[in-house]
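Student: Each chain, written out:
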Amino acid sequence: MRIKADTGACVGSGQCVLTEPAVFDQDDDGLVALLTDHPDDQSAAQARHAVTLCPSRALSILQE
Amino acid sequence: MTKNVAGLELPVERDCPFSPPAAYELLRGQAPISNVRLTSGGEAWWVSGHEEARAVLADGRFSSDKRKNGFPLFTLDAATLQQLRSQPPLMLGMDGPEHSAARRSVIGEFTVKRLAALRPRIQDIVDHFIDDMLAADQRPVDLVQALSLPVPSLVICELLGVPYTDHDFFQSRTTMMVRRTSLEDRQRAFAELRAYIDDLITRKESESGDDLFGRQIARQRQEGALDHAGLVSLAFLLLTAGHETTANMISLGVVGLLSHPEQLALVKADPGRTPMAVEELLRYFTIADGVTSRLATEDVEIGGVSIKAGEGVIVSMLSANWDPAAFKDPAELDVERGARHHVAFGFGPHQCLGQNLARMELQIVFDTLFRRIPTLRLAAPAEGLPFKSDAVIYGVHELPVTW
Numbered sequence: 001m002r003i004k005a006d007t008g009a010c011v012g013s014g015q016c017v018l019t020e021p022a023v024f025d026q027d028d029d030g031l032v033a034l035l036t037d038h039p040d041d042q043s044a045a046q047a048r049h050a051v052t053l054c055p056s057r058a059l060s061i062l063q064e
Numbered sequence: 001m002t003k004n005v006a007g008l009e010l011p012v013e014r015d016c017p018f019s020p021p022a023a024y025e026l027l028r029g030q031a032p033i034s035n036v037r038l039t040s041g042g043e044a045w046w047v048s049g050h051e052e053a054r055a056v057l058a059d060g061r062f063s064s065d066k067r068k069n070g071f072p073l074f075t076l077d078a079a080t081l082q083q084l085r086s087q088p089p090l091m092l093g094m095d096g097p098e099h100s101a102a103r104r105s106v107i108g109e110f111t112v113k114r115l116a117a118l119r120p121r122i123q124d125i126v127d128h129f130i131d132d133m134l135a136a137d138q139r140p141v142d143l144v145q146a147l148s149l150p151v152p153s154l155v156i157c158e159l160l161g162v163p164y165t166d167h168d169f170f171q172s173r174t175t176m177m178v179r180r181t182s183l184e185d186r187q188r189a190f191a192e193l194r195a196y197i198d199d200l201i202t203r204k205e206s207e208s209g210d211d212l213f214g215r216q217i218a219r220q221r222q223e224g225a226l227d228h229a230g231l232v233s234l235a236f237l238l239l240t241a242g243h244e245t246t247a248n249m250i251s252l253g254v255v256g257l258l259s260h261p262e263q264l265a266l267v268k269a270d271p272g273r274t275p276m277a278v279e280e281l282l283r284y285f286t287i288a289d290g291v292t293s294r295l296a297t298e299d300v301e302i303g304g305v306s307i308k309a310g311e312g313v314i315v316s317m318l319s320a321n322w323d324p325a326a327f328k329d330p331a332e333l334d335v336e337r338g339a340r341h342h343v344a345f346g347f348g349p350h351q352c353l354g355q356n357l358a359r360m361e362l363q364i365v366f367d368t369l370f371r372r373i374p375t376l377r378l379a380a381p382a383e384g385l386p387f388k389s390d391a392v393i394y395g396v397h398e399l400p401v402t403w
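Protein sequence lines, in the order shown, are assigned to chains A and B. Here the first sequence is numbered in my numbering, starting from 1 and rising by one per residue. Here the second sequence is numbered in my numbering, starting from 1 and rising by one per residue.
Since the hints were made in silico from the structure, they are not lab data. C-beta atoms are modelled at their ideal positions from N, C-alpha and C, and glycine is treated no differently. A hint or two may mislead.
[Said to hold, decoys possible] So the derived label-pair ranges between C-beta atoms look like this:
#, chain 1, residue 1, chain 2, residue 2, range
1, A, 40, B, 191, 22 to 32 Å
2, B, 116, A, 40, 44 to 54 Å
3, A, 64, B, 374, 26 to 36 Å
4, B, 104, A, 22, 18 to 28 Å
5, A, 62, B, 132, 38 to 48 Å
[Stated by the list, open to error] The list that follows gives simulated cross-link-like pairs (lysine to any residue, SDA-like), each with its CA atoms no further than 25 Å apart:
#, chain 1, residue 1, chain 2, residue 2
6, B, 113, A, 63
7, B, 113, A, 27
8, B, 113, A, 64
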């Protein structure tokens, strides 16, 4: 699985970090920072959930 | 516009304290987006469906600027709108790049990591007010005054650098402002609070404090120019939104759990369930229903409906959160359902800035309250409580509890 984060669209709601902190982080300005763009099997389901929860649609799945 | 429902006027008050008005069900049953008449005059699109609500709120073709002609007056009346027009806009009423710049200047203060660092202090604050409750000579105790209001008020005061000694002042003005009745009182409350915050920011501009506003002021100076009016608007928003909403959710959450003993038992048995319970309570009560109104700036096709530029749209977060297509058996309070996709904090670029602070406060309060006072119970029947059916932000005015 490969995911992409668009910091231009990010509004810093932190939903992704709350959902899967092993994949998503926020920088000091509050914007999304990926810890990995290849979530492992353990994180994949939660990473997918985070993509659907993002309020500004800043996250996308490039490849399943 | 195509009329799906003729003659129905909104807003309507909640007739049962634990569920949306019957009219909401009626409208959603007919279509996820319908046309309604507003008590304030005019018509608007009413968005009932969960999927459609998220689509509208995430779509940049809808404006949040309440000062624009044609903006639907739902929770606002014409006089309040007049007042809004005379002030610099709050972040809630900005669009596009202006909104993005304003939001980006503060989101660093509300990251999940920054908030996690506040957890021990919030726990201390909650314990302190529960100590006072336990030490009180008299029962029942009004939970609103003993816990629900003081906890988020003190937390937001410390975060923003507002003196907590002024809490009676700003709490009473905020409560007044979000009531739907007594226009004069509301306008006076708004003006008094605005003046208080203006003074506070002026004082902060001459000090150097290590709080959110101290940092904002330092940052603005570094970047060139101080935006006094913008800081006042930001402080107004963060202070009012930071205590009134969370206070109402604490009270309603306690009422919800005490009225569903089997759900409370699940939470008590495993505090690991508390975060999920908080999401479910946020969904179930959706206290800020109707604040998410928009104005179409272009023709937009959503949910099979074509909305024309200049038409008003009201997204009902309460209706969306009770949409059976998104939440099975929505009338059931089910702390284990997994309700994270609710829209109680809104959706799109305006989604609540303080949502993760609110989540943390609610989790700590519910865990601590039911652990320290396991026999806590309502001292009056839930149905008879003075619910804020007349307010923009739902809640209870008083909550007598005993143990």
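Student: State for each hint whether it applies.
Tutor: Do the hints match the structure? See the list:
A hinted range of 22 to 32 Å for the beta carbons of residue 40 of chain A and residue 191 of chain B is inconsistent with their spacing of about 56 Å. At about 24 Å, the beta-carbon gap between residue 116 of chain B and residue 40 of chain A misses the expected band of 44 to 54 Å. Our hint of 26 to 36 Å for residue 64 of chain A and residue 374 of chain B is violated, since their Cβ atoms are close to 47 Å apart. The hint said 18 to 28 Å for the Cβ distance between residue 104 of chain B and residue 22 of chain A, and at roughly 26 Å that hint holds.
Roughly 54 Å separates the CB atoms of residue 62 of chain A and residue 132 of chain B, a value that falls outside the hinted 38 to 48 Å. About 29 Å separates the Cα atoms of residue 113 of chain B and residue 63 of chain A, which puts this hinted pair outside 25 Å; it is violated. Of the supplied pair hints, the one linking residue 113 of chain B and residue 27 of chain A holds, its CA atoms being roughly 10 Å apart against a limit of 25 Å. For the proposed pair residue 113 of chain B and residue 64 of chain A, the alpha carbon gap of about 29 Å is over 25 Å, so the pair is violated.
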